[in-house]
Amino acid sequence: MHLQTCLKELPLKFKLTILLKIIATIGNISFITANLYCQYNTQFVETRTQVIQGEQYSIIKMSREDEHVKVKYFAAKDYLGNSVYKRYLDWSKDKNIILYTSGTYMNDYDINLALPEGICVDNGNIVNKVLQAYDGLAIVYQTGGIAVSNIKKGDLTISFDGVKKKIDLRNALDRIEFFKWAQGQNATVFQTHLFYFMNSLLINRNTSSNKKQERRFFAVGKLNGRTTYYIINLASPNTIYDATVKVANFLTNFEELEEITFILNLDTGAQNVFQLKTSEGKIDNRKSFQGTLPINNALNLLVYYYE
Amino acid sequence: MKFNTLVIYLTLINIIIILFFSNILLDINKEPSNSVILDKNKIQTSFNFSQFYIDSSQSTNIDIFNSYKYLNSYRYKSTKYLINDLNKLLIVSSHNKDITNQYFFSLITDSLLLKLYPDKDSISVIKLYETSNWVQGFKFLAELDTSRNTYFEAMYDFWMNYISGSLSQLSALDKNIKFNIYFNSLYLTCNSNNYPISIKYNLIDKFVFNYLSKNYNHLLHATWNQTNIKHKLLIFIIFSFTLILYINAFTDLLKRITSKV
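Chains A and B, in that order, are what the protein sequence lines are. Following the numbering used here, the numbering of the first sequence begins with 1 at its first residue and continues without gaps. Following the numbering used here, the numbering of the second sequence begins with 1001 at its first residue and continues without gaps.
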C-alpha cells in the first residue's frame, strides 16, 4: 500500500524513467543469459541444407569477422599416448564447440596402429615426415587461424628469427629446416588434398579416383572482403572430381564469393567422423550433419569453436 | 535341400578358406628372387681420388669430378667414407662450401636414386630393405659432423621418404605384402623414425574389420555408396541364397527331430 501511494505521488516523467530503466535491465540480463547459454552467435555461424539439381548440400558457413570463430586441429595422439578423443574431451570442457570433423587420411585401418598420412606436426611434435603427393599443407595457428600452402608452388614462407625464407617442401634440405621451424614454433601442420587454390581448379577428371562416396570439404573464401570458412558435406555418393566442381560452382554461383582461397578435402573414408552442434550447444540431429562413425574412431580432428 | 547338400556347401567354404590362408602362408615363406643383399666384400674403393686431385689441379671446376665413376665404385655403400670423400671434394673445389655440399648432397640423393632405382620395376622389398640399412648410417653422420648435420639429416630424410613412399605403393599393388617378413621389418623401422608406411586393405579386409568393430552404420553406408548395381545385386543373391540354405537346413533338422519323436 505504501509503495502504491509512493508511486502515485511521483511525477509522470519520473515514473517513465523508472519504467525504461527496468526494461533496459531486463534486456541486459536476458542478453547476458542468452550469451552464457548459447554456444555460438548465429550472426557468425549459419547452418543450412540446400538442394541443387537433386544434390543435397549441407553447409556450415562461419564468418571470421572479429575472429570469434576459431580452428583447432588435433593431429594425432600426444607424446603421452592420449588419444585424440581424450585430448578433445579435456580441451573442450570450457570451449563453445561449433563442430568437429575428421581431418586428413590415416595410414592403417586399425585406429590403435594408425598414423596420419602426409607431413604432420602436432604442437611441435613431429608425427609424420613423409611428403605425400597431396598438394595442400595446412598450418593451424595457436590463435585459431589457418593458412594453406600449395606444395607444388614451393613458396611456403616461414620466418626464422625474423628473417623470412621461402621453403620448397619437395626439397629434403628445405624439409629439414621446416621441421626445425615447426618444432621451435610448436606449430600444428597437416597435409591433405588441395583441390582448389586461388580461384583455380587443381584436380583432373582423368587422373583422379572414380570411387563414389560421401564427400566433405573445408573451403575458405572472401565474401564482401571478409574471410569466411565453409564446411560443405555432400552425403550422396560422388567422385572426388564431381564433388569438387559442384562445391566450387556452389561457392561461386550461390554464395557469390569474390575469391575461393582454397578447398581442402576431409576424410570421409575410414574415419568418417562429423558432428555439428546447434547454437544452444545440443547435437544437431540432421542426418546430413553427422558422420557414420563415433568420435572415438577419429585419428585426427578439425574442431571449430566460438570465443 | 537335403543335409548332404549342406555338407557339400560347408566343405566348399572350408576349401576356399584353406586356399586363402595357404596363399598367405606361401607369401610368408617366399624368398625374394632378386636378392641383392649388400655384400661387404664387394665394397671396393676403386675410385681414385689421387687421380681426381691431379685432374682438378688443372681445372678448378667441380664438374670434373667423375660422379658416374664414383657412384659405380661402391665406395658410397659404406657411409663411413662419405665424410672423407666430401672433405676431399671441398679441398679441391674452387666453389664455396655450400655449393660443394649441395653438389655432394645431390650426388648421394638424386643421382644415386637414378642409379639404384632407374624405373618402377627395379623397386623390390628386399632392395628397399638394403637401402634402409644403408641409410641408417646417415643418422650417425649427422651426429658426428655437426657443421654439416643438416645435409646428412636431409640425405636421411630423402631416402626414408623414398623407402616409405615406395613401400606404400607396393602395398597398394599387392595387398598381401603386409605378410612379408622384410616388409614388416621395414614397417617397424619406418614407423619408429616418423616415416610411416600406408597399409592398403582390400574390400573384404575392410568389411571384416568394420564388422568386428561393430561399425554397422559405417559399413552399411560405405557398402551402399561404394557398390554399383551389379555388386548390390550380387550381395542380394548371396544373402538370399545363404538365408535359403539356413532355412532349409533348419526345417530339415526340425523334421528329423519330429520324426524321431
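Since the hints were derived computationally from the structure, they do not count as laboratory data. Glycine included, C-beta positions come from ideal geometry on N, C-alpha and C. Fair warning: there could be bad hints in the mix.
To be verified - Among the chain A residues that face chain B by a calculated CB cut under 7 angstroms, a handful are:
#1 W91
#2 K93
#3 I97
#4 N107
#5 D108
#6 L115
#7 N123
#8 N125
#9 I126
#10 N128
#11 L131
#12 R175
Checked hints:
no., hint, verdict
1, W91, "violated (24 angstroms)"
2, K93, "violated (27 angstroms)"
3, I97, "violated (22 angstroms)"
4, N107, "holds (4 angstroms)"
5, D108, "holds (5 angstroms)"
6, L115, "holds (4 angstroms)"
7, N123, "violated (15 angstroms)"
8, N125, "violated (10 angstroms)"
9, I126, "holds (5 angstroms)"
10, N128, "holds (6 angstroms)"
11, L131, "holds (6 angstroms)"
12, R175, "holds (6 angstroms)"
In terms of the numbered hints stated before, the structure departs from hints 1, 2, 3, 7 and 8, listed from lowest to highest.
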